[in-house]
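A.B. asks: Each chain, letter by letter, is given below.
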Amino acid sequence: MSALTADIAAGFDVDRIREDFPVLKQTIHGKPLVYLDSAATAQKPFAVIEAIRKFHEVDCANIHRGVHELSQRSTAAYEETRAKMKRFLNARSKTELIFVRGTTEAINLVASSWGRRNVREGDEIVISAMEHHSNIVPWQLLCESAGAKLRVIPMNDRGELILEEYARMLNPRTRMVAVAHVSNSLGTINPVKEIIAMAHRVGALALVDGAQAAPHLRVDVQALDADFYALSGHKMVGPTGIGILYGKSKLLNAMPPYQGGGDMIKSVTFEKTTYNDLPYKFEAGTPNIAGGIGLGAAVDYITHIGLDRIAAYEHELLVYATGALGQVPGLRMIGTAREKAAVLSFVIEGIHPHDIGTVLDRLGIAVRTGHHCAQPVMDRFGVPATTRASLAFYNTAREIDALAAGLRKVKEIFS
Amino acid sequence: MVHDLYQETILDHSKHPRNCHELAEANRKAEGYNPLCGDKLKLYLKVNGGVVEDASFVGSGCAISTASASLMTESLKGLKQEEALKLLDRFHDLLTTDSPVTQELGKLVVFCGVRDYPARVKCATLAWHTLKSALENQQEPVTTE
Chain A
1 MSALTADIAA GFDVDRIRED FPVLKQTIHG KPLVYLDSAA TAQKPFAVIE
51 AIRKFHEVDC ANIHRGVHEL SQRSTAAYEE TRAKMKRFLN ARSKTELIFV
101 RGTTEAINLV ASSWGRRNVR EGDEIVISAM EHHSNIVPWQ LLCESAGAKL
151 RVIPMNDRGE LILEEYARML NPRTRMVAVA HVSNSLGTIN PVKEIIAMAH
201 RVGALALVDG AQAAPHLRVD VQALDADFYA LSGHKMVGPT GIGILYGKSK
251 LLNAMPPYQG GGDMIKSVTF EKTTYNDLPY KFEAGTPNIA GGIGLGAAVD
301 YITHIGLDRI AAYEHELLVY ATGALGQVPG LRMIGTAREK AAVLSFVIEG
351 IHPHDIGTVL DRLGIAVRTG HHCAQPVMDR FGVPATTRAS LAFYNTAREI
401 DALAAGLRKV KEIFS
Chain B
1 MVHDLYQETI LDHSKHPRNC HELAEANRKA EGYNPLCGDK LKLYLKVNGG
51 VVEDASFVGS GCAISTASAS LMTESLKGLK QEEALKLLDR FHDLLTTDSP
101 VTQELGKLVV FCGVRDYPAR VKCATLAWHT LKSALENQQE PVTTE
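Top line first, the protein sequences correspond to chains A and B. So for the first sequence, our numbering puts the first residue at 1; every next one is plus one. So for the second sequence, our numbering puts the first residue at 1; every next one is plus one.
There may be inaccurate statements among the hints.
What the hints assert, rightly or not - Pairs of lysine-lysine residues, derived as DSSO-like cross-links and limited to a Cα-Cα distance of at most 27 Å, are as follows: (1) Lys132(B) x Lys80(B); (2) Lys46(B) x Lys411(A); (3) Lys132(B) x Lys411(A); (4) Lys80(B) x Lys411(A); (5) Lys80(B) x Lys107(B); (6) Lys40(B) x Lys107(B); (7) Lys272(A) x Lys86(A); (8) Lys15(B) x Lys29(B); (9) Lys193(A) x Lys272(A); (10) Lys409(A) x Lys29(B); (11) Lys86(B) x Lys46(B); (12) Lys132(B) x Lys40(B).
Claimed, not checked - According to the in silico footprint, chain B covers these stretches of chain A (three or more CB under 8 Å from chain B): (13) 93-100; (14) 215-223.
As the list claims (entries may be wrong) - Sample of chain B residues lacking proximity to chain A, with all beta carbon distances greater than 10 Å (derived): (15) Val2; (16) Ser14; (17) Ala26; (18) Asp39; (19) Gly50; (20) Ser60; (21) Ser75; (22) Lys86; (23) Thr96; (24) Val101; (25) Ser133; (26) Thr143.
Hints are computed from structural coordinates only; laboratory data are not their basis. Just so you know, these numbers come straight off a predicted model, no measurement behind them. Positions of the beta carbon are idealized from the N, C-alpha and C atoms, including for glycine.
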């Protein structure tokens, strides 16, 4: 504790950062809120809330249409986010960034548009045993309709993917490898660069589900050589309902549109429609303009703090929390990968996660309980559900202490 | 702190569930599933001449759902089918409305605290949904969703 506090004092003023998050300054059932559910959604700083408010209060207009002042302002602000996301992910061009509702829609877009054109009977799609349902079901739907086969990279008892098994799975029929960068239920950071390189060697493409990675570690889509990279704004202190699909231009250009409508066309007659250029070909209809602008503010905020500092601080918190929870009798950590993000998923013998969650809630502590949209992960570890504390850079060692004390209280009540 | 929800009787029945076993003579069975938390429950009833003569359950769940199944099987024994279904309605009202607590609920009144925890109502009603399915002889597992 003392070492951690010293480190914080030296490099990371978390108390000052917490001032930026109004939601954190409240009590729940008479106790200070301890928010440990950032993997579900991250809290929003003033900068994001303000950007959205300013749009609605001052600049509100539809984008890409009007010649009037408000429309030009809103278009500029929305498109500025695309430019920011290009820098954030180190894409080659901002036309490689498609606005979507979130990671789920991004993956569905690829499975639907790229998949229907490129996946045939007998082909294979590879996912992993730790995927969120949103990176399982779209591929299942594709495989069912195309007659393709879904293969699953297994994991070991730590919750790490077994790359030797993955290597054996790859073959010339493999069309796509879709894996999480960071597991939402286990916290495992997967070696996606290596996974992508292995996929490319057999001529397959690779999609990375970056929902849990983008707010916690530096992502460089060129260094990874990812073909597609999907993320959600609300996991990275931005608003809900906005996310990004990154795709390599040559792939996106060859793909048919996902949805038809306004903004995705160049010209429409009843005989023939010419589609718009990238990225607009994939952006039918009026988008979530306020969300896009809010996402821009979120990226600015995170970039200002610095992802390297965020990652280092969160790692310290993870180490501290792993130690603190390890002291709780009967607690078993689910997910003990050597490379791990600040997610602590655990079970306590004889006590159901929902009872743990309810008692913690009465102590002001917000955790997630259940299967975390990753039922195959629960099956793999032989548990129906877990309790998950997921941390962000606005969490503190004090809050970890509150969690550990809360779990002791839980033990008192139920045993 | 949470003792309005986890009353002593509930904790007792969750730690030491009554009638928690299979029932060889059962002539009505049903399965219940709460996809939200993964709770699963199998209910066994022995119904004779329209009367529930015996009831038991097996399954895994949280303290609320286990205690609810345990107390339900205790309450059912000796009830006519229509009385059992009426009790289900009373129990449901107890959890989801501000209706006054009625005498006929007996021990089940310990669940009155659940109404202040909307996220936990389904835990308490899983056994009862399963009861309805067993009495109506439905073959498909019932879910709370």
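A.B. asks: If a hint holds in the structure, say so; if it doesn't, say that too.
C.D. replies: Here's how the hints hold up against the structure:
no., hint, verdict
1, Lys132(B) x Lys80(B), "13 Å, holds"
2, Lys46(B) x Lys411(A), "37 Å, violated"
3, Lys132(B) x Lys411(A), "34 Å, violated"
4, Lys80(B) x Lys411(A), "40 Å, violated"
5, Lys80(B) x Lys107(B), "18 Å, holds"
6, Lys40(B) x Lys107(B), "24 Å, holds"
7, Lys272(A) x Lys86(A), "33 Å, violated"
8, Lys15(B) x Lys29(B), "24 Å, holds"
9, Lys193(A) x Lys272(A), "42 Å, violated"
10, Lys409(A) x Lys29(B), "38 Å, violated"
11, Lys86(B) x Lys46(B), "18 Å, holds"
12, Lys132(B) x Lys40(B), "16 Å, holds"
13, 93-100, "violated (count 0)"
14, 215-223, "violated (count 0)"
15, Val2, "5 Å, violated"
16, Ser14, "8 Å, violated"
17, Ala26, "24 Å, holds"
18, Asp39, "7 Å, violated"
19, Gly50, "35 Å, holds"
20, Ser60, "6 Å, violated"
21, Ser75, "22 Å, holds"
22, Lys86, "29 Å, holds"
23, Thr96, "18 Å, holds"
24, Val101, "22 Å, holds"
25, Ser133, "21 Å, holds"
26, Thr143, "14 Å, holds"
Hint violations for this structure: numbers 2, 3, 4, 7, 9, 10, 13, 14, 15, 16, 18, 20, all remaining hints satisfied.
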